[in-house]
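Undergrad: With the sequences and hints as input, model every part of the structure.
Protein chains: 2
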Amino acid sequence: MSKIQKAACIGGGVIGGAWAARFVLAGIDTTIFDPHPEAERIIGEVMANAERAYEMLTMAPLPPKGKLTYAASLEEAVAGADWIQESVPERVDLKRGVITQIDAAADPQALIGSSTSGILPTDLQRDMKHPERMFVAHPYNPVYLLPLAELVGGEKTSRAVLEDAKAKLAPIGMKGVILNKEIEGFVGDRLLEALWREALWLINDDICDTETLDDVIRYSFGMRWAQMGLFETYRIAGGEAGMRHFLAQFGPCLAWPWTKLTDVVDLNDELVDKIAGQSDAQSGARGIRDLERIRDQNLVGIMQALKAGDAGRGWGAGKLLSEFEQHLWSAAPAPAAADVTKPIKLADFRVHPSWVDYNGHMTEYRYSQCFADSSDALLRLIGVDMDYVSAGHSYYTVENHVRLLDECKLGDALYVELQLLPSDGKKLHSFFWLRRAADNAVVATCEHLMLHVSTAEGKTVPPLPEILAKLEPLIAGHASLPVPGGAGRHVGQKR
Amino acid sequence: MSKIQKAACIGGGVIGGAWAARFVLAGIDTTIFDPHPEAERIIGEVMANAERAYEMLTMAPLPPKGKLTYAASLEEAVAGADWIQESVPERVDLKRGVITQIDAAADPQALIGSSTSGILPTDLQRDMKHPERMFVAHPYNPVYLLPLAELVGGEKTSRAVLEDAKAKLAPIGMKGVILNKEIEGFVGDRLLEALWREALWLINDDICDTETLDDVIRYSFGMRWAQMGLFETYRIAGGEAGMRHFLAQFGPCLAWPWTKLTDVVDLNDELVDKIAGQSDAQSGARGIRDLERIRDQNLVGIMQALKAGDAGRGWGAGKLLSEFEQHLWSAAPAPAAADVTKPIKLADFRVHPSWVDYNGHMTEYRYSQCFADSSDALLRLIGVDMDYVSAGHSYYTVENHVRLLDECKLGDALYVELQLLPSDGKKLHSFFWLRRAADNAVVATCEHLMLHVSTAEGKTVPPLPEILAKLEPLIAGHASLPVPGGAGRHVGQKR
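Order-wise, the sequence lines are chains A and B. According to the working numbering, the first sequence is numbered sequentially starting from 12. According to the working numbering, the second sequence is numbered sequentially starting from 12.
Watch out, some of these pointers could steer you wrong.
All copies of an identical chain are treated as equivalent in the list; a pair is satisfied when it fits inside any one copy or across any two copies.
[Unchecked claim] Listed next, the in silico DSS-like pairs over lysine-lysine satisfying Cα-Cα at most 30 Å (straight line):
| hint | residue 1 | residue 2 |
| --- | --- | --- |
| 1 | Lys356 | Lys78 |
| 2 | Lys76 | Lys420 |
| 3 | Lys177 | Lys285 |
| 4 | Lys505 | Lys438 |
| 5 | Lys330 | Lys285 |
| 6 | Lys167 | Lys78 |
| 7 | Lys167 | Lys140 |
| 8 | Lys470 | Lys17 |
| 9 | Lys353 | Lys505 |
Quick caveat, the hints were computed from the structure, so don't treat them as lab data.
TA: Here you go:
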């Protein structure tokens, strides 16, 4: 897979900083140049939001973070970078100047993406010596979570560069979407601008206030569009007769006076006051940081819900998340040979917002989830992977005994340690401790029994030799450890 | 709470049928009149979709379904109804005639809502004798899942009627949003129409195809809008400086040529062919029924994810779902006095799409979730409710022993039976069987131990007398039952 080796961000505000977060969290060393006096503070806040979001987003192994460096000059920042992302303020002369400067300083092979939300790439690449490697990569806020980047080439951009950019975005969890032609505002912002103008009229004319308008969106088509977009949604609305029927049915509306499209609203002081006042009434009780956290948690939840879509195959942004996780797993280094003279650390967890009850405590069955995920980690450790399972063998859990010893709170970091109990491999008997990372206290234990089965025959059989070869040294090594205090007990047994 | 007693649906296509499904699933007897020869088939399909979606949507107790009746005439349908919903085709003369006919036949107090997506209520109520009770209640497809109904009054509509309609929609899980003024297309369809016209230009001008346009929406602002809508999202984009800053920053775009708003696209045969062809390429591999199911599962997942939002308090449609569930719980009849001479049936489950692995089997920890939910049901049964917990006492789970005996598949209906083991109430020791409804086979068992605690003192104490009064007869009754075969065992113990 085509990968970015070293990234540079020129301009480090909310957009540039979030690009940097994407790169760094994907393990890519990144250099930022931004002369703004508060640049480090702003980027630091964005980075903290991004890290919190990623901890909730996935249990897949994130790579070691890339190194984040603040450069003293644009030239220093772009040196050695193979992806340079420009995110300076939205003025064509300023952007063109910066991009021309990047072009002069950077490796001629380096890709140069602009975060512009509407300026034509042809206008930006005008003065470049190597314009064929410059394109628009227009992201959406928050860039560290929303996967879209609209990829738009100018007159001098090479198609191969757009394809390469798209390929390089996938390993950082982004979806590059290549447009056929350049146009001001590209696709997303044109759609947004049309809706935004109409929204301004509705507020201006007192049809509703900002909260009502937001409610209309989020209780209806907002949820449709989070998964399918416009045309696929309308295809369903057309029913069995399909898209053609839908167009025939709704086409006439185009002739109706249903929008104020032919006028542009005057965004004068009065209208600005009205909107700002209504927005304060709607959302002012919460600070921006609070709203950002809520937004990010909701986005994470929506992506995780979509990951379960299409009968577990994943849908939309959830399918993308699933592919990103597969990439993370395949890119993760093989576990080091375990030290079999002590319990083995297997898996890390973080108490996710959807894991807690109204008291902020982790729900009972999430303890079981940690142990179930840990037994999956044990199977990966001994070589029971997707290929082994597809070939007809697997381990099935037959029983487990969980003791809950302490509460876990939202955000707590947890980890699981494993001790194998005497087992012949056909039976796999293990004991897990769930510990809190902050103080290593045991918050729960689980005694767990799996059986190795032939899925075709539907009966218990010994594991294949390559699995036994990995499992037996672990079992032998752990045989000399003391029996865990909670093992072999039944429910309610006195200590 | 103000409730609909009997509903009538005049017009039973995709929209009218889905209104009927909302009513019936909320326990409201509903009569439909639709002369279309295939009305019963269409409504039956919508009803099946709605029932499947509700099974996934909530574990809260749905009321017994209302009775669905097909009437031979409009007059027969509206007789005795206190909410009449008109959903006939979108022609002002047709709708006005039907509403005038409803007005003449219905109880003068009955509310009359129109599903029109854009006609002014003033134009619809023109010929009514009791126009003050007529309004637009504009829903969004699929009506049985998306909660929004835009409530719009005409010149003769009483404000009290709009408030009453809003109150009556809440118990059926809908969010009535009252607009200040009537306007063609209301709020939602004006926003949609503006965006739709722009989308048609983008396809017409070959900037992108329908799949790319949908990807642009669903990988970016679609997920933002599913939770927050337009203005709250932009408030965050404005950062600490807030909405006023955002408007100042983005206001100038209004003067830029970023949309084709001033033109209306010609939806001629060529453009229809282009869109229909691209849509086939994008979505044609799946049938409409398949897409509907995927859409509904995704909507359910998004709503469940949002229910966990705002640190478990719920956000947007998820908060609404939570309120709907609280209503269902409070409206559910108190459990009948249990027959204590046998195990007690406690809870029903359905294997949800997010519960299965890639093989379509229920994931290990979801068994534990069924048992944890069942122990919650046991607590409700003995009077441990929110009030009891808020007052400072609760039961904490300390251990459980789960045996997995059989696989469960997507969609399987399951239920749990309980036997109380000897307990003093301070300890609450119980044994659960998880059974498959189709054949009553035991698919898992759980031995479970809870302790009663004073949350302030942080120590084990006896439960209050009112709890003991409910608990002791159950324990005494179950004392004569044989000890369950799986109880008192440790992991790996031979049978």
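Undergrad: All the hints need checking, so say for each whether the structure fits it.
TA: Hint check results:
Taking the shortest alpha-carbon separations for Lys356 and Lys78, only the intra-copy value of 26 Å comes in at or below 30 Å, while the best inter-copy value is 58 Å. For a Cα distance limit of 30 Å, the shortest separation of Lys76 from Lys420 inside one copy, 26 Å, qualifies, whereas the shortest one across copies, 40 Å, does not. Proximity of Lys177 and Lys285 under a CA criterion of 30 Å is satisfied inter-copy only: 26 Å between copies versus 42 Å inside one chain copy. When the C-alpha separation of Lys505 and Lys438 is checked against a cutoff of 30 Å, the pair qualifies both within a copy, at 27 Å, and between copies, at 13 Å.
In this assembly of identical chains, the alpha carbons of Lys330 and Lys285 lie at most 30 Å apart only when taken from different copies (28 Å versus 41 Å within one copy). Taking CA atoms no more than 30 Å apart as the test, Lys167 paired with Lys78 passes in neither setting, with 33 Å inside one copy and 67 Å between copies. Taking the shortest Cα distances, Lys167 and Lys140 sit within 30 Å of each other inside one copy (11 Å), while across copies they are farther apart (69 Å). In this assembly of identical chains, the alpha carbons of Lys470 and Lys17 never lie at most 30 Å apart, being 51 Å within a copy and 56 Å across copies at closest.
Proximity of Lys353 and Lys505 under a CA criterion of 30 Å is satisfied in both settings, with 27 Å inside one chain copy and 28 Å between copies.
In this structure, the hints that do not hold are numbers 6, 8, in rising order.
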